[in-house]
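Keeping their order, the protein sequence lines are chains A and B.
Quick note: the first sequence uses our numbering, first residue 1, plus one each step.
Quick note: the second sequence uses our numbering, first residue 1, plus one each step.
Hints may be right or wrong, so weigh each one.
[Claimed, not checked] If you want the ones that stay clear, here's a sample from chain B, every Cβ over 12 Å from chain A, calculated:
#1 R67
#2 H167
#3 R221
#4 H279
[Said to hold, decoys possible] To give a feel for the contact side, a few chain B residues facing chain A, derived at Cβ under 8 Å:
#5 E148
#6 P178
#7 S181
#8 E261
#9 L284
[Said to hold, decoys possible] So the derived label-pair ranges between C-beta atoms look like this:
#10 D30(A) x P306(B): 41 to 49 Å
#11 E45(A) x G48(B): 46 to 54 Å
#12 G257(B) x V61(A): 32 to 40 Å
None of these hints come from the bench; they were simulated from the model.
Backbone N, C-alpha and C fix where the C-beta goes; we use that ideal spot for every residue, glycine too.
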Amino acid sequence: MHVAQTLDCSGLSNVPAILRIKQALVGWNDDVRMGVLLGEGCDVERITGSLGAASSRVQLVTATKQ
Amino acid sequence: MGDDAGTEMISDTDSNAPKPEAPEYAFDPRDPWTQTFQKGLERANLQGKAVYEVGIGTGINAAFVLRFCGAAAFYGSDLDPRLIALAERNLISLSPEHAELFQPVKGAVSLIDTDEAREKIAKTDVVIACLPQVGDPNDERFAAFREEQSVSLPAGAEEEAHDHIAHYYPWTMFDEYPFNSVGLGLNEALLRRIREHAPRAQVVMNFGARIGTELIFEMFRANGYEPEKIATQIVRQDIGTDISFFAALEGALQGTGFEKEFKCFFFADPEGKTRLSAHEAQRLVDKDPDTPLYHEVCVVRGTPMPAA
Ligand SMILES: C[S@@+](CC[C@H](N)C(=O)[O-])C[C@H]1O[C@@H](n2cnc3c(N)ncnc32)[C@H](O)[C@@H]1O
């Protein structure tokens with residue numbers, strides 16, 4: 001599936017990042033997955049779990065530490 | 001809380017002193033938010049500094065900072081162009097001997113988005129601001145999110161008061177800024193601009209801490225500023241301001257496993273002892289719109305951290 005547009009969540013901890021993803025998913029066209037850039041402080045596994053079925057609508061990527 | 005000792009208020013130092021002109025379209029200069037802000041400004045070491053206020057309102061802080069904090073120059077601008085002429089009039093009546101130190105940018109200026117504003121920001125030591133932190137109830141995308149959380153808008157909340165833009169900001173317009181998710185998009189947009197155009201300037205900003213201070217501090221750090229709380233006060237929640245924004249944030253976390261990690265900070269009492277979540281607060285005002293609610297207002301100073 002095509003991945004579109006990266007939602008910038010860098011700098012956000014888990015809670016504001018989940019809120020941002022859920023806000024962006026309202027009205028999102030389901031033919032494409034939403035790319036999401038998470039900050040280093042985020043727990044990708046917990047965030048994926050927290051999204052439930054909606055997790056298939058997003059592709060989470062973490063900003064890597066250098 | 002309540003440590004008023006030594007705090008001078010331009011509007012109440014002397015009952016014979018001139019009162020600021022405060023038309024309906026301007027944010028009320030006697031509002032407790034402004035009182036808290038001035039406590040912070042007093043503690044911000046503004047002596048001899050060039051200060052720029054984004055969102056100047058009635059100009060009450062310009063008069064206060066020049067008169068009581070010893071600033072050397074005061075620049076300012078506002079999205080509502082009527083406020084510049086009002087601020088100039090207020091400065092002449094409240095502190096005529098300082099009127100020439102006030103050099104506002106005329107016209108409608110969003111944040112610092114004109115050449116003249118950026119030129120003045122570049123000469124500024126401390127940028128001060130108290131900008132809206134609640135998404136406009138009429139914002140279409142925000143309304144769709146709120147409806148998905150089954151949070152309805154209280155009766156009358158979609159009506160715009162004369163000073164609407166003092167309370168709400170166009171949420172979708174600032175969605176490129178990550179902290180927009182908790183209502184800080186406009187404030188984060190300002191921090192990014194200051195970082196770019198005045199990288200050495202400190203910022204002193206006033207916040208309603210309904211989402212908690214931790215998230216506000218997180219926004220400062222994410223944008224390269226070390227935060228420090230320099231004043232705080234519990235104030236009454238403005239009756240006219242819609243709090244469904246905060247209830248929608250809590251609602252969106254239901255069933256995520258994170259619901260216990262985030263609850264908004266409202267209080268049932270002016271001492272801030274009985275905490276209420278936004279949902280609990282909303283339920284109380286739904287039953288009786290006159291139920292008094294309280295929340296913290298705090299002034300945060302941000303000092304630029306060296307670039308990583
Ligand atoms: C809460 S009032 C504060 C007024 C004054 N600074 C005070 O502390 O009393 C917010 C002010 O910000 C202005 N404002 C709102 N959005 C703005 C923006 N995007 N750029 C500049 N000013 C804005 C409003 O017109 C209003 O005067």
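Status of the hints after comparison with the structure:
Every beta carbon of chain A lies more than 12 Å from that of R67(B), the smallest distance being close to 38 Å; the non-interface claim holds. No Cβ of chain A approaches the Cβ of H167(B) within 12 Å, the least distance being about 20 Å, so the stated non-interface status holds. Some Cβ of chain A comes within 12 Å of the Cβ of R221(B); the nearest lies about 8 Å off, and the non-interface call is violated. Even its closest Cβ contact with chain A, about 15 Å, leaves H279(B) beyond 12 Å, as expected for a residue assigned away from the interface.
With 8 Å as the threshold, the beta carbon of E148(B) comes within range of chain A, its nearest partner Cβ sitting at about 6 Å, so the hint holds. Annotation: P178(B) was flagged as interfacial toward chain A, and the flag holds, the nearest CB pair being 5 Å apart, inside 8 Å. A least Cβ separation of about 4 Å between S181(B) and chain A falls short of the 8 Å threshold, and the interface hint therefore holds. Here the hint on E261(B) is kept, as its CB sits about 6 Å from the closest CB of chain A, short of 8 Å.
The interface hint given for L284(B) is violated, since its Cβ lies 24 Å from the closest Cβ of chain A, which is over the 8 Å cut-off. Roughly 44 Å separates the CB atoms of D30(A) and P306(B), a value that falls within the hinted 41 to 49 Å. The hinted range of 46 to 54 Å is satisfied by E45(A) and G48(B), whose Cβ atoms lie roughly 52 Å apart. Separated by about 21 Å at the C-beta atoms, G257(B) and V61(A) break the suggested range of 32 to 40 Å.
Hint compliance for this structure: hints 3, 9 and 12 are broken, all remaining hints hold.
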